[in-house]
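Following the hints, put chain W in place on chain R, whose structure we already have.
So you can see what is in the structure, the chains are spelled out below.
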Amino acid sequence: MAEKMNQTQNFLKGIVKENPVFVMLLGMCPTLGVTSSAFNGLGMGVATLFVLLMSNIVVSLVKSQIPSKVRIPAFIIIIASFVTIVEMVLEAFIPFLYEQLGIFIPLIVVNCLILGRAEAFASKNNLMSSILDALGMGLGFVIALTMLGAVREILGSGSLFELKFVSENANTFILFILPPGAFIALAYLTVLFNKISIKTS
Amino acid sequence: MDYIIILIAAVFVNNIVLSQFLGICPFLGVSNKVSTSVGMSGAVLFVMTIATMATYLLHQYILVPAGLDYLRTITFILVIAALVQMVEIILKKVSPPLYQALGVFLPLITTNCAVLGVAILALGLEGGSLLKAVFFAVANSIGFALALIVFASIREYLELANIPKGMKGVPINLLVAGLLSLAFLGFTGLV
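Residue numbers (my numbering), protein chains in the order written: chain R, 1 to 201; chain W, 1 to 191.
Hint data in this document are derived by calculation from the structure and do not stem from the laboratory.
Owing to the predicted nature of the structure, the values given are computational and were not obtained by experimental measurement.
Built from N, CA and C at the ideal position, the CB exists for glycine as well.
Warning: the hint list may mix true and false statements.
What the hints assert, rightly or not - Label-pair restraints from in silico Cβ distances:
(1) R:A170 <-> W:L185: 20 to 28 Å
(2) R:E168 <-> W:A183: 27 to 35 Å
(3) R:L61 <-> W:G67: 28 to 36 Å
(4) R:L192 <-> W:G189: 33 to 41 Å
(5) R:K124 <-> W:G186: 47 to 55 Å
(6) R:V166 <-> W:L185: 17 to 25 Å
(7) R:L61 <-> W:K92: 32 to 40 Å
(8) R:S68 <-> W:G189: 49 to 57 Å
(9) W:G169 <-> R:Q9: 22 to 30 Å
(10) W:T188 <-> R:Y188: 20 to 28 Å
(11) W:L190 <-> R:Q9: 46 to 54 Å
(12) W:Q60 <-> R:K17: 41 to 49 Å
(13) R:E168 <-> W:I89: 57 to 65 Å
Claimed, not checked - Just some of the chain R residues that point at chain W, by a computed CB distance under 7 Å:
(14) C29
(15) G33
(16) P73
(17) A80
(18) V83
(19) I103
(20) F183
(21) A187
Next up, chain W with everything else stripped away, as it sits in the complex:
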C-alpha cells in the first residue's frame, strides 16, 4: 500500500517537474521532439535510479556513522557526476545510435537538479529503506517522463500554430507548462 501511495504521489500529485520544479532545464531544453524526450526520460530513469541507490548506501553506511552528514552535498554531486560519466562510456560502447541521440544531453544530467534533488529527498522518506528509496527514484523518473513526453507532444503541435510575435519561443513554452501544471494541480488531494 505504501508503495502505491509513493507511486501516485510522485507521478501525479507532487509531480517532480510540474509541482516541485526539479529538472526544469531538460524539461524546457530537450522537449522539442517526442523522440528525443523519450530518450532523455530513459537516461534520467537509468541515472536517477542508480544514483539514488548509490547515494542512499553512501549516506547510510559511511556518512552517518562517521558523523560527516554535512558533506552530503559534496559527496552526492561527485557520485552523480562519476555515474553520468560511466553511463556515457557504457552507452558509447553498447548503443552508438542512442549515444548519438543523447550524447549532448548526458553531461547535462550532472547538472539536472532532479537527480540530486531526488537523491536528497529519498533520505527523508518515512520509514526509509533502500528498497523504498529506489522505488521512490523510479516513481519520480516516471513522473519526469510523463511530464516531459506530454509537454513535447504539445510542443510539436505548437510549431504549426500561429503565435503572436512577442510570445514566440520561450514565453509560449512557459505558458504551456503553466497550463500543464494547472492540470496536474487537479490531482491534489488524491492521496
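One chain only, chain R, in its complex shape:
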C-alpha cells in the first residue's frame, strides 16, 4: 500500500508540487520561445515528454554500466539520439510543426529539465519509478506550455487552437504574441500558480 502511495506521489509531484516550469524554472527557453500559440506549446511539450520518457528509461536501464566520471556526457549522448529521432520524425510527418518550432527542436537536447531528471532521478532509481517520474514531469511541462500558449493566443490573436472567436479585423492584444508578451504572461501565470499551490498545501 505504502509502495503504491509512493508511486502515485512520484507521478503527481511533477504536475503541481514540483512543476518543471512554474516551480523549478527548468526548460525556460522553449517555454518562452515557442508558446505564441496553444498548438505550438502542445507540440513542443509532447516532443519534450517523449525525449524525457525515453532518456529516463534508457538511463535507468544502463545506470550501473556507466562510470560516474563520464556520466554527464553519456546522458547527453542518449538524450541527443532521441532528439535526433524526434527531429527526423517531425520533419517527415508534421512539417508544419517542424517549421514552427524551428531551432527549438535541436535545442531540446539542452533542456535542463531532461538532463536534470536523468541526473537527479533516473540514475538513482529503478525503471518503474523513472518512467512514472518522466511521465509526471513531462505532463507538467506539457500542461504549462499549453497553458502559456493558450493564454498568449487568446490575448494576442483572439483564438484558441486556431479557432478564432473574434471578428477578422478586431483589435487584439498583439503584444502577447510578441517576445515581451511571453515574459509578462509567464510572470502572471507564475503568480497565479504560486497562489493556488500555497492554498492547496
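Just chain W now, kept in the frame of chain R:
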C-alpha cells in the same frame, strides 16, 4: 557593410536573449549581481566563439562531405561539452579567482542553449564563411552580455524596492525581463 548589419541585428534587433529566447537559464539564474553577470558574459563570449568556430569547421569539412548532416545535434553538443570541460581546466590553472567566481556556472554553459543555438544558426547565415560565422558568434555574445548586464543592474535596484508579496522572486524578474524585451522591440526595423 554586411558585418555591421550582422552586429546591429544580433545585439539590438534580434537580441539573443530578449527576442530569440536563447540562454534564458543563465539570464535568470546568474543575474542577481552585476559582477557575476560580467564574469558569466565573459565565459559565454569565450565558449561561444570557440564553439562556433569548431562546429562550423566540423560541419563544413566532415559532416557535409560524408553525408552525415543528421548527426549535427549529437556532434555539436559533444564538441561544446568537451570545450566547456577544457575551459574549466584552463581557468582553474590560469586564473583561480575567476574560476572561483564562475566555477559553478561553467558546467551550466554546456546546457546553455545560446551556445548550441548560435552554433546551429551560424550554419544558416547568408553567404556563410568561417569568418562570418565567428563574427556572428561574437556579435551574439555581445548581445547576450548587454542583456544580462542591464538586467543584473536593474535587479540590484529591485532588492531595495517594496514588492507585493506574491510578486517577489521569479514573477517580478520575469516582468522586468518583459519590459526590457519591450524596450528592445523598439529596435525592430533598424536593419
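Hint check results:
About 22 Å separates the C-beta atoms of A170 (chain R) and L185 (chain W), a value consistent with the hinted range of 20 to 28 Å. The hint said 27 to 35 Å for the Cβ distance between E168 (chain R) and A183 (chain W), and at roughly 31 Å that hint holds. Checked against the hint of 28 to 36 Å, the pair L61 (chain R) and G67 (chain W) passes, with Cβ atoms roughly 31 Å apart. A hinted range of 33 to 41 Å holds for the C-beta pair L192 (chain R) and G189 (chain W), which are about 34 Å apart.
Against the hinted window of 47 to 55 Å, the Cβ-Cβ separation of K124 (chain R) and G186 (chain W) comes to about 48 Å, which satisfies the hint. A hinted range of 17 to 25 Å for the beta carbons of V166 (chain R) and L185 (chain W) is consistent with their spacing of about 23 Å. The given range of 32 to 40 Å is respected by L61 (chain R) and K92 (chain W), whose C-beta atoms sit roughly 34 Å from each other. Checked against the hint of 49 to 57 Å, the C-beta distance between S68 (chain R) and G189 (chain W) comes to roughly 52 Å, which is consistent with it.
For the pair G169 (chain W) and Q9 (chain R), the beta carbons lie near 26 Å from each other, so the given range of 22 to 30 Å is met. The hinted range of 20 to 28 Å is satisfied by T188 (chain W) and Y188 (chain R), whose Cβ atoms lie roughly 24 Å apart. In this structure the supplied range 46 to 54 Å holds for L190 (chain W) paired with Q9 (chain R), their Cβ-Cβ distance being about 52 Å. Taking the beta carbon of each, Q60 (chain W) and K17 (chain R) are about 47 Å apart, inside 41 to 49 Å as hinted.
Against the hinted window of 57 to 65 Å, the Cβ-Cβ separation of E168 (chain R) and I89 (chain W) comes to about 60 Å, which satisfies the hint. Hint on C29 (chain R) holds. Least Cβ distance to chain W is approximately 5 Å, under the 7 Å limit. The closest approach between the C-beta of G33 (chain R) and any C-beta of chain W is roughly 4 Å, which is under the 7 Å cut-off, so the hint is satisfied. For P73 (chain R), the suggested interface contact is upheld, since its CB lies about 6 Å from the closest CB of chain W, less than 7 Å.
For A80 (chain R), the interface hint holds, the least distance from its beta-carbon to any beta-carbon of chain W being 4 Å, beneath 7 Å. The restraint placing V83 (chain R) at the interface with chain W holds, with a minimum CB-CB distance near 6 Å, inside the 7 Å limit. A cut of 7 Å between beta carbons decides the hint on I103 (chain R): the least distance to chain W is about 6 Å, and the hint holds. With its C-beta approaching chain W no nearer than about 3 Å, F183 (chain R) sits inside the 7 Å limit, and its interface hint holds.
Against a cut-off of 7 Å between C-beta atoms, the interface hint on A187 (chain R) holds, since the closest Cβ of chain W lies about 4 Å away.
Violated hints for the displayed structure: none, as all numbered hints are satisfied.
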